[in-house]
Amino acid sequence: MRKYLLLLVAFPLLCFPLTAGAVDFNLNGVKFGINGYIDLQYNYMSKNPTSDGMSMEESSTFQQKQLNLLFDVEKDKYRAHINLHSTNAFTTEDGEKGQWEVEEAYGEYRFNDLLSVRGGTILSPFGIFNEFRYITSVYASVVLPFIYEIPNGYSGASITPDNSNVVANGSYLGENMDLNYSLYVSNGRRDSTGEDQNKDKGAGTRVRFTVLDNYKIGASYYTVQNDKENEGREHLAGVDFEATLLEKLLLQAEYVRDMYGKKADRLSYYARLTYRMDRLSPFIMYDYFKDSADPVWKNGQNRYGVGVSYDFSENVILKAEYHFHNFRKNEDVPPEAETTNMIRAAAIFIF
Amino acid sequence: MRIITISMLAVLSLWTYSAAEPVVIVNKENPVQSVSKKELSNIFKQKQRSWDSGGAIEVLNLSKGNPVIHEFTKKMLDMSVEDLEKYYLKNALSGKGQPPRTVDSPEKVKEIVGSNKDVIGYIDSKDVDHRVKVLTVESR
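Protein sequence lines correspond, in order, to chains L and H.
Following my numbering, the numbering of the first sequence begins with 60 at its first residue and continues without gaps.
Following my numbering, the numbering of the second sequence begins with 15 at its first residue and continues without gaps.
Isolated chain L (complex conformation) (with noise of 0.2 Å):
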C-alpha cells in the first residue's frame, strides 16, 4: 500500500509541470481551447457484500481512474464541444487494457442568455454533480455520491439519467435572485449491455434558483419507458440544495427517489459540509442508498466520510478521504460484509 501512495504523489509531480496550463487561442474572432486533466487513484476496500448475497474479497488497487482531453470552438453565439474519455489506460492489477470514449460531443447556438440549444451526446442536467461528476478538481471529494456512482457490488443501473441529445437551457438574471432551467431528451436507459434501445426516449427537466449568490435551491424530474424486464415507465425526482455559510462553509444536500417499477423504487440522499480555505479543504458527509427490489439493499446502506482536499499548485490537486458503510438490519446481507471500511487518494492533474 505505501509503494502505491508513494507512486500516486509522486508521479505528477515528477512527470508534470507545475505551471502547465491550458491551450487557448484566438484566430480571426475563433476562440480555440483545449482542457485536460488525469486522475490517479488508490482504492482500498475491505469484505464487501454483493446484490446476489455473496461478499467480495478485500481489494487494493492503483489506477489512472481516467484522462480526459476537452476540445472547445467558439465564435459569436456558435460553439461545439468535445470531452474525450479514456479509463484505465494503464492498470496493476487485472491487466485491463484502457478505451476512449466520446463522453461528450455538441453543437451550441446560443440565441440570448434566456434560451441556447445543444444538439449531440450531452452529460443530462441532474442534480448537482452529474454534469461535473468526471471534473473531481472541482469538488473536495474523490467519492460521489451513490446518486451518482452506485454502490460497490450493487448489481442496478445507475440512479442518474444516461446522456441526452437535445437540450434547451437558459437563466434570466435577476438582481436578487437567479433562475436557471434546462429541458432535454435523450434515448432513454441503455440495456444490461450498454447496447442504446432506440425504442425508449427519455425526458427530463432540471430548474435551479440562485437566491443572494449564497442559496441555490434545485429541482430535477426525469422519465422513461422502460422495457418490459423492468416494468414500465420510470420516474425519477430530485431535489437539492447548496448553501455558502460564513464565507467558507459550504453545505450541500440532496434527495432523489427513483420509482422504477410497478412496485420497486430507489430512494438516495446525502448531505456534506466542507470547509473551503485557500489550498485545504477538509470535508465530512452523510451518504445514504436504497433499492426495495435489491434483497442486500432492500433496507438501505449508510456511509460515513471524511477526508481531505489540497490544491498542491495550480494544475495538481491530492485528496485522501476514508469511507465507513454499514447496512441498517438485514437478514440477506452476507454478516462478514455488513461494514465496509473504503480508504481513496487520489492525485489530480490539471492542463
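One thing to keep in mind: the hints can contain errors.
Dumping the calculated DSSO-like pairs for lysine-lysine here, alpha-carbon to alpha-carbon at most 30 Å [unchecked claim]: (1) L:Lys136 / H:Lys52; (2) H:Lys140 / L:Lys134; (3) H:Lys104 / L:Lys307; (4) H:Lys110 / L:Lys275; (5) H:Lys42 / L:Lys90; (6) H:Lys100 / L:Lys90; (7) H:Lys122 / L:Lys134; (8) H:Lys78 / L:Lys307; (9) L:Lys275 / H:Lys52; (10) H:Lys59 / L:Lys90; (11) H:Lys131 / L:Lys90; (12) L:Lys136 / H:Lys110; (13) H:Lys61 / L:Lys307; (14) H:Lys42 / L:Lys307; (15) H:Lys61 / H:Lys124.
No lab work stands behind these hints: they were computed from the structure.
Given chain L, work out where chain H should sit, using these hints.
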C-alpha cells in the same frame, strides 16, 4: 543619519502611493452607460453573455501580474483573482466555455475595446483616453 533619511523616504513613498482605481470601459458606440455590480459580476463570470442590444459580450481581462486586476476583482466582483481563475477553470472543464481573453497592458485593452463594439474591459482610471467610454458602476 542615513537610517533617518531612508526611513523618511520610505514614509514619503508610502504616503504618495495610491492603489489602482479600476474603471470599466466599453467601446464608444456601445449604447450602455451604466451597469450594476451584479450585472458586472454576471458579465465577468460569463453568466450574462449578451448585451441588451443582442451582441455577444466579449470579456477582456488583464493578466495576473497587473495590479489593476487584483483591485478590480476585489472591488467590483467581491472575489480574489485566484477564485475567479478557479471559476473559469470549472467552466472550461465542464464545457461551459473557455476563459475570457487575457492581455498584458492597459494599452492593449484600450486598443481592443476601441475597435470592437461588444468588448468590455477595465483599466486604471489614469489610463483612460478618447478611444474608450467609461461605464458607471452602480452598487444597487
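Comparing the hints with the structure gives:
no.: 1; hint: L:Lys136 / H:Lys52; verdict: 23 Å, holds
no.: 2; hint: H:Lys140 / L:Lys134; verdict: 33 Å, violated
no.: 3; hint: H:Lys104 / L:Lys307; verdict: 18 Å, holds
no.: 4; hint: H:Lys110 / L:Lys275; verdict: 19 Å, holds
no.: 5; hint: H:Lys42 / L:Lys90; verdict: 24 Å, holds
no.: 6; hint: H:Lys100 / L:Lys90; verdict: 20 Å, holds
no.: 7; hint: H:Lys122 / L:Lys134; verdict: 21 Å, holds
no.: 8; hint: H:Lys78 / L:Lys307; verdict: 24 Å, holds
no.: 9; hint: L:Lys275 / H:Lys52; verdict: 17 Å, holds
no.: 10; hint: H:Lys59 / L:Lys90; verdict: 17 Å, holds
no.: 11; hint: H:Lys131 / L:Lys90; verdict: 18 Å, holds
no.: 12; hint: L:Lys136 / H:Lys110; verdict: 13 Å, holds
no.: 13; hint: H:Lys61 / L:Lys307; verdict: 23 Å, holds
no.: 14; hint: H:Lys42 / L:Lys307; verdict: 40 Å, violated
no.: 15; hint: H:Lys61 / H:Lys124; verdict: 24 Å, holds
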